[in-house]
Amino acid sequence: MTATSETTFTPGRERTEIVDIDVHERAALDELVPYLEPQWRRYITEFGWQPERLLPYAQPTAGGLDRADAKLPDGRPGGSDLGLVREQLLDLYDIDTAVLTGWLNASALGAGWPEFKTGLMTAYNDWQVQTWLERESRLVGSIHVNAHDPAGAAREIDRLADHPRIVQVMLYIGDRPFGDPFFEPVFAAAARHGLVVGIHHSENSPTALGHHRLYAEWHTLISQVFMSQVVSLVFNGVFDRHPQLRVAMIEGGFSWVPHIMWRSDQQWRELRSEVPWLARRPSDVIREHIRFATQPIEEMTARQFLGLVEQMESDELILFSSDYPHWDFDSPERALPPGLPDELTRKIFAGNARATYRLPGNA
Amino acid sequence: MSVGVGSDQATRVCASSELAPGEMREATLGRLPAVVIRLHDGSLHALVNRCLHHGAPLARGRLGHGSRGEDGVGDYRADASVDALRCPWHGYEYDVRTGCTLFDPSRRLRRLTVWEEAGSVLLAP
Chain A
1 MTATSETTFT
11 PGRERTEIVD
21 IDVHERAALD
31 ELVPYLEPQW
41 RRYITEFGWQ
51 PERLLPYAQP
61 TAGGLDRADA
71 KLPDGRPGGS
81 DLGLVREQLL
91 DLYDIDTAVL
101 TGWLNASALG
111 AGWPEFKTGL
121 MTAYNDWQVQ
131 TWLERESRLV
141 GSIHVNAHDP
151 AGAAREIDRL
161 ADHPRIVQVM
171 LYIGDRPFGD
181 PFFEPVFAAA
191 ARHGLVVGIH
201 HSENSPTALG
211 HHRLYAEWHT
221 LISQVFMSQV
231 VSLVFNGVFD
241 RHPQLRVAMI
251 EGGFSWVPHI
261 MWRSDQQWRE
271 LRSEVPWLAR
281 RPSDVIREHI
291 RFATQPIEEM
301 TARQFLGLVE
311 QMESDELILF
321 SSDYPHWDFD
331 SPERALPPGL
341 PDELTRKIFA
351 GNARATYRLP
361 GNA
Chain B
364 MSVGVGSDQA
374 TRVCASSELA
384 PGEMREATLG
394 RLPAVVIRLH
404 DGSLHALVNR
414 CLHHGAPLAR
424 GRLGHGSRGE
434 DGVGDYRADA
444 SVDALRCPWH
454 GYEYDVRTGC
464 TLFDPSRRLR
474 RLTVWEEAGS
484 VLLAP
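Protein chains in written order, with the numbering used here: chain A, 1 to 363; chain B, 364 to 488.
In isolation and in its complexed conformation, chain A is listed as follows (with noise of 0.2 Å):
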């Protein structure tokens, strides 16, 4: 086998459009001091402040969460640096546009001093935007929030939203469904804005039975939080209040989203009388508003990959990452087996994201 054998791409074809919907930025904590009010910074610069991780494993790969090669000589984990960014990710592979999603979304933190991490959202938010985006235009920026504090959530969203190139408001999954109205808030502000909602794993993302002894048994299970989070999602009728609202689940895959959406369908009738407010099938709702990024890709077929998109009966579903700099990350020119079409390569590719995110461009 050479080392190009099952790459994506034909040597020679014409050149293939790239948004990438989930790179990571981070932040050192003490970066973030300075974008913090007066009254927040002595959480982290004499409380000792650090976020909340409930993993109860290390990620046992070459370079931890980062891909070894990511990391900066001098220690700094990968995604800290925007050189590195451009080199290892937007010109290495000619990326159009990246969606950037961030390192620190205190939605998956615990829901203690929601005040404290409501404000260090904001700091994150205002470090983002003068650090990365005010410095690369192939970059557009999430808002993160703290869910946890719905209405200073809300708050952020409004006060970032008019921003050029802010095209999301980034969700980390924690233990909570995000459908409870109790979140409602975050999505009133991220529809109102026109903004998407991006729902991303995390490492306090559990399983459906909490942590397994394994690390790998965690990271094989990755995609059950995402079933609950649209279960939850449209269950409890997000959708129906907000017509308009697009989610994007990142980081999660998409091979589970035919079991959801049948499942979905035959429990919304055979159990309507419990969700009366739920007036279309889930799977159609699903299709009008969700989209899920291909990272995590499983390795599969062609066949298998083009069978997936015939259960779901739509092409336009499906939204290129790569999770740059993480361990998984997925090549954009190994993520896709070859042999897809053309159309649909050009869809996942960027199409579907321009249209998701309301990008300019040649989709």
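Each hint should be verified, as a subset may be incorrect.
Claimed, not checked - DEER-style ranges, computed between Cβ atoms: (1) B:R471 <-> A:Y215: 42 to 52 Å; (2) B:V436 <-> A:G110: 50 to 60 Å; (3) A:R213 <-> B:R471: 24 to 34 Å; (4) B:H428 <-> A:E87: 49 to 59 Å; (5) B:T461 <-> A:P341: 31 to 41 Å; (6) A:G307 <-> B:V436: 31 to 41 Å; (7) A:L82 <-> B:P384: 33 to 43 Å; (8) A:Q50 <-> B:S430: 46 to 56 Å; (9) B:C377 <-> A:S314: 51 to 61 Å; (10) A:A302 <-> B:R473: 49 to 59 Å; (11) B:R473 <-> A:S314: 47 to 57 Å; (12) A:E298 <-> B:C377: 39 to 49 Å.
Stated by the list, open to error - Short, incomplete list of chain A residues facing chain B, as computed with Cβ under 10 Å: (13) R67; (14) E299; (15) F329; (16) S331; (17) E333; (18) A335.
Source of the hints: derived by calculation from the structure; they are not laboratory data.
Where is the CB? At the ideal position from N, CA and C, for every residue including glycine.
Place chain B on chain A using the hints.
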């Protein structure tokens, strides 16, 4: 630099003293990316520097030992008989001496010829 020792296609990688035991270096053989490895026993090995999986540069990964667990769940043993090169991205492990993946010996990286001569490490197809 190409040198005519043993093969017209040989390439000098570095001085022997620049590749210590437990270290590896990136090199190229024509257009072929290579990783040259000196194990702790002093032996030299060379493989194509592209993971079979997503094409990651293996020279940016980690050298270490293999692992065994033949007594079942919870049996963790370092296997010093296997020198493993671990991909910097998704962690595919390769036996440095054979180029085979540890999870499936039928999947193998191409091995290249590497030797020392007159104080230099040399590489050939």
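Do the hints match the structure? See the list:
no. : hint                          : in the structure
1   : B:R471 <-> A:Y215: 42 to 52 Å : violated, 27 Å
2   : B:V436 <-> A:G110: 50 to 60 Å : violated, 32 Å
3   : A:R213 <-> B:R471: 24 to 34 Å : holds, 32 Å
4   : B:H428 <-> A:E87: 49 to 59 Å  : violated, 32 Å
5   : B:T461 <-> A:P341: 31 to 41 Å : holds, 39 Å
6   : A:G307 <-> B:V436: 31 to 41 Å : holds, 35 Å
7   : A:L82 <-> B:P384: 33 to 43 Å  : holds, 37 Å
8   : A:Q50 <-> B:S430: 46 to 56 Å  : violated, 31 Å
9   : B:C377 <-> A:S314: 51 to 61 Å : holds, 54 Å
10  : A:A302 <-> B:R473: 49 to 59 Å : violated, 26 Å
11  : B:R473 <-> A:S314: 47 to 57 Å : violated, 41 Å
12  : A:E298 <-> B:C377: 39 to 49 Å : holds, 40 Å
13  : R67                           : holds, 5 Å
14  : E299                          : holds, 9 Å
15  : F329                          : holds, 6 Å
16  : S331                          : holds, 4 Å
17  : E333                          : holds, 7 Å
18  : A335                          : holds, 8 Å
The earlier numbered hints that this structure contradicts are 1, 2, 4, 8, 10, 11.
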